[in-house]
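Since the structure of chain A is provided, determine the placement of chains B, C and D with the ligands on it from the hints.
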Amino acid sequence: MNRLSSRLQEALERWGVLIAFAILFAISSFKQGFDFVNPENFRALLNSNAPVGILAVGMTLVIVSGGIDLSVGSMVVLAAALGTTAMNAQIAGESSELNAVLIGGAVTIAAGIAAGCINGALIVFGRIAPFIATLGGLAAFRSMSLAIADAGEIRSQSATLFSALGRGGIPIPGLENAAGKPLTISFSTVIFLVVAVVAQWFLSRARFGRHLIAVGANETAARYSGLSISWIRFRVYAIMGLLAGIAALVQSSRMNSVSTSQLGLGSELDAIAAVVIGGTSLQGGFGRVWGTVVGVLILGMITNMLTISGVSPYWQGAIKGAVIVLAVLVQRPSRS
Amino acid sequence: MNRLSSRLQEALERWGVLIAFAILFAISSFKQGFDFVNPENFRALLNSNAPVGILAVGMTLVIVSGGIDLSVGSMVVLAAALGTTAMNAQIAGESSELNAVLIGGAVTIAAGIAAGCINGALIVFGRIAPFIATLGGLAAFRSMSLAIADAGEIRSQSATLFSALGRGGIPIPGLENAAGKPLTISFSTVIFLVVAVVAQWFLSRARFGRHLIAVGANETAARYSGLSISWIRFRVYAIMGLLAGIAALVQSSRMNSVSTSQLGLGSELDAIAAVVIGGTSLQGGFGRVWGTVVGVLILGMITNMLTISGVSPYWQGAIKGAVIVLAVLVQRPSRS
Amino acid sequence: MENRAVILGTRAVTVDYPGVRALDAVTLDFRAGEIHAIVGENGAGKSTLMKVISGAMRPTEGELELAGHSANFAQPSEAIAAGIAMVHQELNLVPTLTVEENIALGREPTGVLGIAVDHRAQRAQARELLALLGSACETGELVSSLSIGQAQCVEIAKCLARDARVLIFDEPTAVLGEQEAARLFVQLRRLRDEGRAVIFISHHLDEVVTIADRVSVLRDGQLVESFARDQSGSLRDARGRSVDAGRLAAAMVGRELGSLFPNKGAAIGGQPAIELIDFGARGISQGISLSVSSGEIVGIAGLVGSGRSETAQAIVGLRPQAGRILLAGSAVRFESAGAAMRAGLAYVSEDRKGSGLHLSLSSIANVTLPSLDAYTSRGGLHVDSNAERATTNRWIDTLGIRCARPDSPIALLSGGNQQKIALARWLETNPKVLIIDEPTRGVDVGAKAEIYQIIAQLARDGLACIVISSDLPELIGLAHRVVVMRGGRVVGGASREQLALRNCEERIMRIASGLSAELEACA
Amino acid sequence: GSSAADPLTAQSKPATSATLAPRMKVGVSIPAADHGWTAGVVWWANECAKLHPEIDWTVATAETPEKQIADIEALMAKKVDALVILATESAPITPVAEEAHSRGILIVNVDRGFLKPVADIFIEGDNAAFGRKSAEFMVEKLGGKGKAKGEIIILEGIPCTVNTARVSAALAVFALEPGIKIVGQQAANWNRQKALEVTETLLTKSPKVTAIWASDDDMALGAEQALAEKGIEGVWILGGAGMKDIIKRVMERDPIFPANITYPPSMIATGMELAAAVLAGGARAKKLQFMPRHLVIDVDLVTPENAKQYYFPASVY
Ligand SMILES: Nc1ncnc2c1ncn2[C@@H]1O[C@H](COP(=O)(O)OP(=O)(O)OP(=O)(O)O)[C@@H](O)[C@H]1O
Ligand SMILES: Nc1ncnc2c1ncn2[C@@H]1O[C@H](COP(=O)(O)OP(=O)(O)OP(=O)(O)O)[C@@H](O)[C@H]1O
Ligand SMILES: [Mg+2]
Ligand SMILES: [Mg+2]
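Protein chains in written order, with the numbering used here: chain A, 1 to 336; chain B, 1 to 336; chain C, 1 to 523; chain D, 1 to 317.
The shape of chain A in the complex, shown without the other chains (with noise of 0.2 Å):
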């Protein structure tokens, strides 16, 4: 009996969060028949997660290799403001609209490797540790965000091309929103897949993985192995930077604009949330990226399932707050 609950034990552990997953999914299609089990309202779902699940699968990472990051919000911000700004100038300097497009995209994702980089470069030349050096800069992209913009929109002047990026996507054969077009995969949510595929390759199978999880586990044993702790430490900031410019791609070409007070606002929690929801340890040395997607998908999903039934607004704090508890505590490891 002792070795069957110690089995189970292990079992939850490892698979705690796709049944915490599977427990939500049946209560919602339960209570909300086809409402929710409606392959758009999941188009819709995945659509709107993509960007806080792009990056939280970089925090992901972050977090495997013993680090945080409370920037990330800002970080999006702050490359979407910059990059819509270069996008709009290219086209009142009537440069083609595919030309300002690329080097909008451009702007938004070298903006955000460049905040990456400047958080991996206080975290580990400046030897800060990570929450602080983020929280500075939580505070300080979202600041220079509304410098740009005086605090207002920044409004995509692409008249198509930007928000068919963010809009469009692959159809689905076969399938029909309630419009009756053909319902699609949205890009968003192919580049959120593919980002968390790749991530999760990594993690596993590659060198660069390998080396992050003995940073965050032991970064003494890292180091006497040979590792050069800064480069992997800055790498991995520089890398959640890219992911933070990508979700700012996705989001200003979905929105065709950017509003600089409330753009990516709180998503470091959600996207932390997420992390450890999907099953990995706030300590570091262990993390799953496909967990996190699950996460992602948890907490979409209550979201999702409270604003279609029609919970109070007041109560959804406490339903989060409690489903987020819950989801942990199944897949807590048993004592030692």
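Note that these hints are calculated values from the structure, not bench results. Just so it is clear, CB atoms sit at the ideal spot from N, CA and C, and this is done for glycine as well. Fair warning: there could be bad hints in the mix.
To be verified - Some but not every residue of chain C turned toward chain A, in silico, with C-beta under 8 Å:
1) L28
2) P76
3) I80
4) V94
5) E101
Chains B, C and D with the ligands only, in chain A's frame:
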């Protein structure tokens, strides 16, 4: 020379936060002149930072024990909402005002402790990482307050007594404010300083403080030394709840009302920033309350200075972020 | 032998820590095809020297000489690139990676693109190396689930995997059983014969005498003497006299040492202080019956992984237990180490870094932590720090602990001094029954003798002592009686008379490794 | 049948004639209650929903545009017949509103206009007028056009387009008055506590202010408290948005609050009511012909004389 620089390093590590404070103070005085170096301005600075200061003192203890509490702001609003509601019910039920205020105060404190105990129970008995358990609380406690008040404001029905508590103070002989009235040290400032002194004393002189440090420094070794880890950790979250209750009392009596959507919003990050600026390590096992108090003053002083000097609100975040990072930079430990 | 090529040399290397000069102008040569042993007391600077060589730290002054060129490493990676590999004194593995992943860490075999790890090659290499060391652990197992001994084998395998020109082993045998140690020595000799330079540090001086081609002695950070093996194969000092373990010890401490072990007084008979009846740590050991009287020292022998530590932890309430414990005749059951402590039990853990000590705290905080109540007044609100300091200073004197300041973190102390702090921490609780797990792991001969004296004295004062050790001479020299564990059960033992016999060590070894099945009454 | 139709019983008795037609589904997407005014919006939305049990309302609140887009997409998947949207920001919500519109969903846009003509009905509060009228009142009270004199403090909201529109309109008015000196201008995030702190600090610097342009009633209360704590008397404050407590004090001729500017959070209920009217009993296209396409809700100056009509004691705001 080498020895000298290592001495300097050590001094910076120990007194860096004071040096950062002094520099900021000098800049402020230089730039603002009498506007800044003005007893009335200091009174206001201390007074308005007292609630977050009380939270930061509790956060110091939590962080020393190796934990974190993201729910402090939400505990404040929940405690304040429940307490004020109870007080109003008493007044409506025709108790004397004194009775009503006492009962309201007791409910506020009790609600804070109860919320802290919930956090503690989840962390200790549920064995959920503090970051996640209190992330749940961050969402849940505020949500409950919103539900209590339909997201609106709860106004205290105590005509004079309650707000006298919040706005009153002890007159300082010989000092007058701009309106020619005697300058007071507000009760909230007094409470803040008393709380800080008691906590510093606990941390450095009492058995409980020693146990907190031991648990934070090496939990296994503390368990092997016969300490009751669960009880120690549970208590620190309960104490955090108590302090959140006190902060709630200070806040709600000062505002003479509770805005459930705004009270305490974001104060967890301010409190954590103050703790870390004060030189306490986020790893746990080391901390100092006096540093936290200086950290609170540094944060308050930046805001104060930016307000007085009329810096664009857009840039304030950037400056605040930079100061946080710099304050930590000067006192980072030397490379081992 | 002097004509062998010098691969690596230190040139007047000096290292200063705040308040301590750990190394003082040490100049040494390490030659190809030689096993060079470094010995010295705890805190003599051995590990510090090795850290300089392996790039873990930069010297304050002086430099390294590598194949004729001067060099200093800023990072371990630079030393590794220069062909230097090291097994550190403290375990340094990644607990969340598997055995094979740890062995390959930093030089993973990669596939086509140089990005993906070639798992098959990695596993094959790990298997081969572990087989050389005779380790039984699975290559796919997580390192966090290994015992210390197994983990040390992984460390050694990792070092061997580097194919280095200079290999450094800082007290590799401290946590190994005799068989593992023997296999390691085979490997050390092979490495030497392949023309590599091997640096070996140990407090087991007879090991040193057996295996080293050259021995350098450090005392207080200075190189005080060197011995080399001559053609005839025996170690000799500068004047050509043959060198044995006693001579090495004398060189280390700067005076002649008396006998290592104290005289065994008669065990005070009478009522047993502690009695285990059909006891066990749930899931690990079972059916253990043992009684220890006041004044008696009982040793527990066994191979790595025989369940001794877990059983001891179960006794003091750190693990779920099965069976019964009688303390001075009455049945007890502890839910926590605190409860056991209040009943007069103390357990000194074998794992100083992980569970035994708070490395980031001061000596004072460490020594008084379990007994803090004694310094506390006014309902826990006041801790008498003067009394604490006095106590700590007393222990520093009594146990001869070398620390610059009692209020600086003990992470700065050498391993042996840390061990003494751990001992002081528990002796301060005034236990009636003391369980010491590996009391002298990583402790130098001088300190060892002191610790033995202390244990014997405590026993004479009426303490019941259980000593768990993998160092058989230690058990035989110290204990009144030895029981042997294997696979979580007591499988044999040796009485006081049997311990005096010459073949005792071999006999215990045979029981422990299951070669002779002997179940005689010894409890 | 019973007049007070309970939504649950209505659902469980599908045979009655009223429910032969499928129940209409209406989604209401509004910003989360993160300050007094938005809390008022949420309250009015819930109040209005209670009055129409025949409609299946879903009220969704969003902290950010991202969340609002997700909400609207989820509502579309739920196949709502109409959407009433108060956008967190205009531009980001436009594309998703456009998509909803293209599916034939009735769109009622409240307060913040979309960038494209995708709304069937647009009800707007006028932020520029808010700024202008409030500033003009202050100029008037400080001595009249061209002659106004005084030192004023300006409290701004969360940096965003609404705030920018209000502040720049007000500044444009003040700029014409050489006698008016702006001695402090800071963001207090529509937050009472923040307003208290900011005002307190600004008062230390310039204790001789004449009036405070607080632009929002939450901030006005914070500013009032700062004055009280400093013991400064004779300074008056102009808030805005018609919080019931402030309106009451205007009504009672409190010298600190000589007037107020409305910006009614109840406009969400106006939008919902119009949506309900269009949907009721079909013939949607016909009804839309005579529904207002663009309705500007004027912002009114509340003075002691007219305050009574703006006082709603039951509201949360
Ligand atoms: N990080 C440090 N900071 C300050 N002093 C240190 C530090 N590390 C070691 N020391 C001191 O340097 C001296 C040499 O230590 P080292 O670890 O090299 O000794 P050792 O010969 O390896 O001893 P042992 O046999 O116990 O392992 C000791 O006095 C120790 O206290
Ligand atoms: N947490 C654990 N859960 C399950 N088994 C464990 C655990 N810890 C240790 N073991 C196993 O228990 C057995 C006893 O281990 P341990 O190394 O403590 O024995 P020991 O006799 O004290 O040896 P050593 O000489 O290494 O101290 C080993 O097989 C080990 O793998
Ligand atoms: Mg050493
Ligand atoms: Mg053991």
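So, going through the hints one by one against the coordinates:
no. : hint : in the structure
1   : L28  : violated (22 Å)
2   : P76  : holds (5 Å)
3   : I80  : holds (4 Å)
4   : V94  : holds (5 Å)
5   : E101 : holds (6 Å)
Checked against the numbered hints above, the structure violates only hint 1.
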